[in-house]
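K.L.:
For the record, the sequence lines run as chains P and B.
In this text, residue positions in the first sequence follow the numbering used here: the first is 1, and each later residue adds one.
In this text, residue positions in the second sequence follow the numbering used here: the first is 1, and each later residue adds one.
Hints listed in this document are in silico derivations from the structure and should not be mistaken for laboratory results.
The C-beta atom is built at its ideal place from N, Cα and C for all residues, glycine as well.
Heads up, a few of these hints could be off.
[What the hints assert, rightly or not] Chain B side only, calculated, beta carbon under 10 angstroms to chain P, not exhaustive:
{"no.": "1", "residue": "Ile-68"}
{"no.": "2", "residue": "Asp-90"}
{"no.": "3", "residue": "Phe-195"}
{"no.": "4", "residue": "Lys-383"}
Protein chains: 2
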Amino acid sequence: MGAKVENVGILAMELYFPSQYVDQIELEKFDEVSTGKYTIGLGQSKMGFCSDREDINSICLTALHRLIEKNNINLHDIGRLEVGTETIIDKSKSVKTFLMTLFAKEGATDIEGIDSTNACYGGTAALFNAVNWVESSSWDGRKAIVVAGDIAVYGKGPARPTGGAGAVAMLIGPDAPLVLDRGVRASYMTHAYDFYKPDLASEFPYVDGKLSIQCYLNALDNCYNLFCKKMRKTDPSFKGLLSLDGMLFHSPYCKLVQKSLARLCFNDFLNAAPEEREAQFPGLSQFSERCLQDTYFDREVEKAFMTYSQELFEEKTKPGLHIARNVGNMYTPSLYGGLVSYLISKSPDQLIGKKFALFSYGSGLASTMYSINICSDMSAGSKLEKLINSLHDTVSLLDKREAVEPVKFSDIMDIRTMNYHTAPYEPSGSIDILFPGTYYLVKIDELRRRTYDRKL
Amino acid sequence: MGAKVENVGILAMELYFPSQYVDQIELEKFDEVSTGKYTIGLGQSKMGFCSDREDINSICLTALHRLIEKNNINLHDIGRLEVGTETIIDKSKSVKTFLMTLFAKEGATDIEGIDSTNACYGGTAALFNAVNWVESSSWDGRKAIVVAGDIAVYGKGPARPTGGAGAVAMLIGPDAPLVLDRGVRASYMTHAYDFYKPDLASEFPYVDGKLSIQCYLNALDNCYNLFCKKMRKTDPSFKGLLSLDGMLFHSPYCKLVQKSLARLCFNDFLNAAPEEREAQFPGLSQFSERCLQDTYFDREVEKAFMTYSQELFEEKTKPGLHIARNVGNMYTPSLYGGLVSYLISKSPDQLIGKKFALFSYGSGLASTMYSINICSDMSAGSKLEKLINSLHDTVSLLDKREAVEPVKFSDIMDIRTMNYHTAPYEPSGSIDILFPGTYYLVKIDELRRRTYDRKL
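Next comes chain P alone, as it looks inside the complex (with noise of 0.2 angstroms):
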């Protein structure tokens, strides 16, 4: 390809997440927690959850053939395709290798990619990997896909209604109505012991709760002041989260979310020329000697800055946890289920030519901040407008689930626990309940090989 490719991004989305969720407030009287634990304390409303009838293949597919369907995607016009996820179940197997027997019986081999993994960070490893493609001597003229998809269960006890599940699959390539700025990726890697899964017969990782939280935020500085000062570089006037008119984060719950964005407004005042704190931040001086490092869990920085930033919040970022809210945390399509979110939060005209930054974390560490421009064509068909009718048309699902009881629920993960590493086995979950179009696994015969169809 001789000419330049420009505007690299995501040209359509398709979300899935589970037909079945339990409800928050249901799930705090179950299991004995003050009111409020979960809901407030945590940011979330309701979480989806699998049976032992779903499993990463099952939701990748999932995702995948309902973007091919709906955007009538001619298979051989994909050369890449990759998956980011951190739900393992071969050590070896990439999900992309499942993922490709949509593809080979069409003959559609020719297909670059396989599965990046570091925790929630996956997925946007994938998807850079797909622009870096693209924009590459490589490319070839083909578009790419990225699918990012996990099951996340914690064991019984606080971490618990943290859970969730759900996939995300987006069409890459050139002249699209989501662009990836160039130049302006920031990240923040480095070694570290937050969450983790190192018992790898078990389905649950090990979590230092308040590790991964300090970690988090960490990251989220680095990436901040790293993502302004190339920003600035282009644009000598880029003044942070006031020049974005969004800014989404990975979100492992609301409530963190929330309070990022009070620490972005914190870095933004220990940035700010002290002549001028006062005027920009009022009533906030006093915390001009206090640093980065030591406030991680400063209440009263954390309070003052919630409070500044409860506008800038509900303006830029609450619209972006609508999925987050009512599913739970995705791992790595969290942040995608995000920008759906901020999508469909607004009207078309209210999108046009927007700029927004996003976060992505995944503990261990790896973490990158970056930013998309919605382009200006929001015109009757255009690429935007039906981008965003068909996000609207997947969103619409989340009213279709079934709520399951606390106690039902619970019975259900204990079967998914028990069975975690057994072979052969046959999954008892119901395939009633899926919704139409949805992969599920039929069984794992005695070498472990799993077979799948998909519900009409």
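Keeping the supplied structure of chain P fixed, place chain B upon it in accordance with the hints.
P.N.:
Just chain B now, kept in the frame of chain P:
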């Protein structure tokens, strides 16, 4: 970066293999199998192995640190670092985050890339990702590093002699001595259960040996034909194997590589115009009616084309098998051990301007054939000279390894197997035996957190 980057490829390489090995002749006796089963049947000579002192993090750290030291790399000059591996010891936390310990202590944390996973293909995926990044709009002038590492171990039985272990670290950037050809990467990706690791609590894979050979050869057929087609688009005179100075393969064991070279000749034979067949392939016309799909286990075809390709094998492929024969299957680094072997097999002036192809295969399955051109600058102090000299240095360590009796090897394997999933854990393997500069596991604590040290 405004200017278009040219000649992106491998600037420097470092290979790590264990300091101890078991001799395959000794192993044949110990296993009470027929003489030549491993040495002639598999084509293997020695097998490197690690005690419980080394794991995927430590061997990748060793290769990376050596690359940095030997090439005086300024860590702030690295903008991308990624890992390919199928030696998964954590389902969430990437090996890349452990490698960041070297960078983060210098404040170099803005470094993209995480882990890529699909059996032995992960290193190639990481390499392509790194090259694409350099060629993308996200590139900021810094270089990339790709690390591929694996510890290949099998339970007692016929697969055990096909083990091995190693890691490779490669510095990627423009104006490289080893330049990846543009626009000719030919992939074949599909779903197969030939080799996979679904028992997460075990270090050993599930292998369907016969299916695995069929998948490998089928992938090879597909990649080779597509690769030739793409090559002919830019060079209509391209004649496949005859136009290549070297042909390197992922090597599960050396005999399969020899059969693979023969397989390419069979492809060339079938692709030749019928009237030209006899001239180019004397005495083979009887195979004109055979087809690719039916001949994966056709002994007649195999023998005839093994004989036909003997000289081509000696010239183009055997020089790439030195490491594979003497270390064993390194999984993701295997193909790059082949590259190292090939480069040290010739005198510098024999390498200038040469073109060779590489076939990367990962079960499950993901495969690509691509090609590399060696630059024509072999002046004193050139990048190519430095690269090759440094590789001679590394490979000379093969002769400094310690031979371990099969019975002791077996005991060490038993310790690995028994303690694979034990925590807390203190390894018992000898530190004395490790080469200077080797990282080793100090302990695994009760929360399964691993700490490492480096032997000085």
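K.L.:
Give a verdict on every hint.
P.N.:
Each hint, compared with the structure:
1. For the restraint placing Ile-68 of chain B at the interface with chain P, the shortest Cβ-Cβ distance is roughly 16 angstroms, beyond the 10 angstroms limit, so the hint is violated.
2. Hint on Asp-90 of chain B holds. Least Cβ distance to chain P is approximately 5 angstroms, under the 10 angstroms limit.
3. Taking 10 angstroms as the C-beta contact cut-off toward chain P, the hint placing Phe-195 of chain B at the interface holds, the least distance being around 7 angstroms.
4. Interface restraint check for Lys-383 of chain B: the shortest CB-CB distance to chain P comes to about 20 angstroms, outside 10 angstroms, so the restraint is violated.
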